[in-house]
Amino acid sequence: MEFALDAEQRAWLEEVRAFLAEHVTPELRAELAEHDLELPGGEVAAFRRRIGEKGWFGLSWPVEYGGLGLGPVHQHLLMSEFEYWGVPGPDLTVTSVAPMLMRHGTERNKQEFLPPIARGEMICAVGYSEPGAGTDLASLRTRAVLDGDAETGAWVINGSKIWNSGAQRSTHEWLCVRTDPEAPRHKGISVIIVPIDHPGVTVRPLIAWSGYRTNEVFFDDVRVPATNLVGEANHGWRYITGALDLERGALTNAGDLRRAVDDLLRLARSPREDGVVPADDPQVRRDLARLDADVEAATLMGYEAASMLAEGIIPSVEVSVEKIFTSELRQRIAVAALDVLGPEGLLAHNSAGAPLAGRFERLYRAAPLLRFGAGANEVLRDVIAQRGHAMPSYGR
Amino acid sequence: MRLVPTEEERDLAAMLRQLFADHCPVAVVRGLREPGADRFPKRLWDELTRAGVLELPFAERHDGAGGGLVEVGVLAREAGRALCPSIVLGTLGLGLAVDALGDDALRDRLLPGVGRGETRGVAAVASPWDAGDLAPTLSATTEGAGWRVSGVVRYVVDADLADLVLATALTPEGRTVGVLLRPGDTGRVEQLRTSAGDRYARLHVDATIPAADVLPDLDPEAVRRVALTLRALACVELVGVTEAILDRTVEYVRGREQFGRPIASFQAAQHLVADIHIGLQAARLTALSAAYRLGRGEVATRETAIAVLHTAEAARRASLDAHQLHGGMGYVLETDLHLWSERARELGVLGGGPDQATRWLEREVVDAPA
Ligand SMILES: Cc1cc2nc3c(=O)[nH]c(=O)nc-3n(C[C@H](O)[C@H](O)[C@H](O)COP(=O)(O)OP(=O)(O)OC[C@H]3O[C@@H](n4cnc5c(N)ncnc54)[C@H](O)[C@@H]3O)c2cc1C
Numbered sequence: 001m002e003f004a005l006d007a008e009q010r011a012w013l014e015e016v017r018a019f020l021a022e023h024v025t026p027e028l029r030a031e032l033a034e035h036d037l038e039l040p041g042g043e044v045a046a047f048r049r050r051i052g053e054k055g056w057f058g059l060s061w062p063v064e065y066g067g068l069g070l071g072p073v074h075q076h077l078l079m080s081e082f083e084y085w086g087v088p089g090p091d092l093t094v095t096s097v098a099p100m101l102m103r104h105g106t107e108r109n110k111q112e113f114l115p116p117i118a119r120g121e122m123i124c125a126v127g128y129s130e131p132g133a134g135t136d137l138a139s140l141r142t143r144a145v146l147d148g149d150a151e152t153g154a155w156v157i158n159g160s161k162i163w164n165s166g167a168q169r170s171t172h173e174w175l176c177v178r179t180d181p182e183a184p185r186h187k188g189i190s191v192i193i194v195p196i197d198h199p200g201v202t203v204r205p206l207i208a209w210s211g212y213r214t215n216e217v218f219f220d221d222v223r224v225p226a227t228n229l230v231g232e233a234n235h236g237w238r239y240i241t242g243a244l245d246l247e248r249g250a251l252t253n254a255g256d257l258r259r260a261v262d263d264l265l266r267l268a269r270s271p272r273e274d275g276v277v278p279a280d281d282p283q284v285r286r287d288l289a290r291l292d293a294d295v296e297a298a299t300l301m302g303y304e305a306a307s308m309l310a311e312g313i314i315p316s317v318e319v320s321v322e323k324i325f326t327s328e329l330r331q332r333i334a335v336a337a338l339d340v341l342g343p344e345g346l347l348a349h350n351s352a353g354a355p356l357a358g359r360f361e362r363l364y365r366a367a368p369l370l371r372f373g374a375g376a377n378e379v380l381r382d383v384i385a386q387r388g389h390a391m392p393s394y395g396r
Numbered sequence: 397m398r399l400v401p402t403e404e405e406r407d408l409a410a411m412l413r414q415l416f417a418d419h420c421p422v423a424v425v426r427g428l429r430e431p432g433a434d435r436f437p438k439r440l441w442d443e444l445t446r447a448g449v450l451e452l453p454f455a456e457r458h459d460g461a462g463g464g465l466v467e468v469g470v471l472a473r474e475a476g477r478a479l480c481p482s483i484v485l486g487t488l489g490l491g492l493a494v495d496a497l498g499d500d501a502l503r504d505r506l507l508p509g510v511g512r513g514e515t516r517g518v519a520a521v522a523s524p525w526d527a528g529d530l531a532p533t534l535s536a537t538t539e540g541a542g543w544r545v546s547g548v549v550r551y552v553v554d555a556d557l558a559d560l561v562l563a564t565a566l567t568p569e570g571r572t573v574g575v576l577l578r579p580g581d582t583g584r585v586e587q588l589r590t591s592a593g594d595r596y597a598r599l600h601v602d603a604t605i606p607a608a609d610v611l612p613d614l615d616p617e618a619v620r621r622v623a624l625t626l627r628a629l630a631c632v633e634l635v636g637v638t639e640a641i642l643d644r645t646v647e648y649v650r651g652r653e654q655f656g657r658p659i660a661s662f663q664a665a666q667h668l669v670a671d672i673h674i675g676l677q678a679a680r681l682t683a684l685s686a687a688y689r690l691g692r693g694e695v696a697t698r699e700t701a702i703a704v705l706h707t708a709e710a711a712r713r714a715s716l717d718a719h720q721l722h723g724g725m726g727y728v729l730e731t732d733l734h735l736w737s738e739r740a741r742e743l744g745v746l747g748g749g750p751d752q753a754t755r756w757l758e759r760e761v762v763d764a765p766a
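Just so you know, the protein sequences line up as chains A and B, in that order. Counting from 1, one number per residue, gives the positions in the first sequence under my numbering. Counting from 397, one number per residue, gives the positions in the second sequence under my numbering.
It is possible that part of the hints are untrue.
Stated by the list, open to error - Chain A regions said to be covered by chain B (calculated; three or more residues, Cβ under 8 Å):
1. 5-13
2. 307-313
3. 357-370
4. 387-395
What the hints assert, rightly or not - Examples of chain B residues lying across from chain A (beta carbon under 8 Å, computed):
5. E405
6. L408
7. H673
8. L681
9. L684
10. R689
11. I702
12. H706
13. H719
Unchecked claim - Anything over 12 Å on all C-beta distances counts as not near chain A; from chain B, calculated:
14. V400
15. R435
16. D671
In short, the hints are calculated from the structure, not lab data. Nothing here was measured: the structure is a model prediction, and the numbers come from that model. Even for Gly, the Cβ is constructed at its ideal location relative to N, Cα and C.
Assemble the whole structure, with the sequences as input and the hints as a guide.
Written as structure tokens, this is what we have:
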């Protein structure tokens, strides 16, 4: 086992940092603070183009699919660094949808979708959750029926998705649908790529407590070419769970947590408005030390998962652990910040006088999401017990 | 960075696991604790020596196998799983300390004997309450050609089995020297009772020690690195202990039925197991990371502190929840779970537990600018 970065990995990290130092401009920061990712054609879009020019959207893909062939460790280091800087990097389209297309897609899927994803031109919203299918995703009911044959026909889609994040700025849906209602629940599911501008698709915004915009999306007799089916019909559950494992891995690098604890340490060392230096307090000192220890563990968990991927092993138990650990740690950091900052920590995000522009005020509101989202931690604990230790399913 | 074991590491672990399975079954561990039993595991010791386990980290010129701390970590983890008697890792710790703190003459004199299993012992260079506290509890003054050494060394593990105990002493000028004590010859050994037998002792020292057994002018950084190395290896050992607890517990709940189904099928039971697993993943990674960094010559105070925090907490949770999941069957002595629980408790305390480690960490990360 090697815990230190080797020369090549260090050089890569330097390259990523140099890129960020050059392109994370005050203008980009200002736009992110004001509009998050929502302003079309602004600094965020330009930043994305630069990432695309570098080839970094496909950095870990094989060269034959237009990637740089660099591997999961490089990807992990890059993602962690972007998270540390708090800027948008490669998204789920790149880290989770594309790898599933490579692994399971038809030749035609790959030809059609991978090149535009690599260029950053095709962005997918991931359509799993439905009003009646949350944690119990396999109960999803959005229906797709094939009209005609598998080459020249069309899928006709009806139903709705909820919590469909990014639909307002995506070009496509990675849409999970039921194609065989007679089959056992896990066996009648497929994945279809749906252009979001197709007639019959309606996007309705939902705003989360964190201020984050997600959506409800309705599909009324939406027709897409039969060849937009990913891989084979009724094999979708495998693609979804594979993509979700990758999503957990990608979502759970510890970069943002490292940044949060570094920021909190800095805040704690300087006097608050009431003159108190929080880092002088024995309990605050203990809490901060404890958080540092946990972020270190989370960082190593990310390294481990990336190393396993690099060896060709899918770390599904490991990323479940990592996802639970990081999401619960994020909440602990947010809670610790309440005690460090006191009333100053209540000043709204982006408001005048809020410490670090209210970063921790928002973190408290943002932290709950990852604990129930992308697989509720309760169910991931089941996964650890059942997949990791062969404990019997209780019928979930 | 590559956090998967190499093929050599996997092979070494498999070899050691088999060795311990063959020669350190739980019956041996239990037997050593019987009242009046010989506390020295003679047959196991001979097998381990034959396999070269005690020469693992030493250079070839000292008849060693030339391994590093990573290899010793593989050993410590397997030893922890099997509850290998502490004199084994204790003696390796003595060897590592002599290797790090002694001169060539001392290494030439002692390391081959350690490697061959002829010299047993333990290093006691830091406070048993706090591996970061290196203040000697012995004093030493030159006397003729040798040194007069006196004082008390506390909580020495396996002093009754040790030929040599490496401790530190303070000279009147305020320098720290290393002293090789011979329990019994250099003073009274006051055994202390634990639930696992008389494993600890207070060494009362009042003796003249030949100059050859004194390591003059120790570099404080080097002593700190030794103390942290021993603490980190105990963390790695504790990971092995915790892994064994988890494995035993899962096996038990899969077999035990209540309400007409295995206990393992209840979600509440699964979540206790999952939380043990999560704690263990943090423990394993942080402990191995600390050993790795110390093995590269770093004084890895922060990493060691983090390892202590995670390993001790994971082990406590695992062993206490294991008792919960076993119910009565883990509580009676016949089923042996308590053997792992006691080792888990001990390794999370000696040299400082989470509380102490948090104080090291406060100095490292709260006081120092990030
Ligand atoms: C801001 C936001 C963005 C999102 N983005 C996306 C997206 O882009 N695409 C997408 O498909 N989804 C998205 N989601 C959906 C998210 O993944 C779901 O919220 C999640 O899967 C949980 O489903 P649910 O909200 O219906 O909760 P429910 O399924 O109703 O569960 C609620 C709670 O019940 C408990 N619970 C449920 N089942 C069990 C069990 N078996 N054992 C024990 N406890 C249990 C858990 O505590 C769980 O948190 C998003 C959600 C939000 C809020």
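A quick look at each hint next to the structure:
no.: 1; hint: 5-13; result: holds (count 3)
no.: 2; hint: 307-313; result: holds (count 5)
no.: 3; hint: 357-370; result: violated (count 0)
no.: 4; hint: 387-395; result: holds (count 7)
no.: 5; hint: E405; result: holds, 7 Å
no.: 6; hint: L408; result: violated, 12 Å
no.: 7; hint: H673; result: holds, 5 Å
no.: 8; hint: L681; result: holds, 4 Å
no.: 9; hint: L684; result: holds, 6 Å
no.: 10; hint: R689; result: holds, 7 Å
no.: 11; hint: I702; result: holds, 4 Å
no.: 12; hint: H706; result: holds, 6 Å
no.: 13; hint: H719; result: violated, 18 Å
no.: 14; hint: V400; result: violated, 5 Å
no.: 15; hint: R435; result: holds, 34 Å
no.: 16; hint: D671; result: violated, 7 Å
In the structure shown, a violation is registered for the earlier hints numbered 3, 6, 13, 14, 16, in ascending order.
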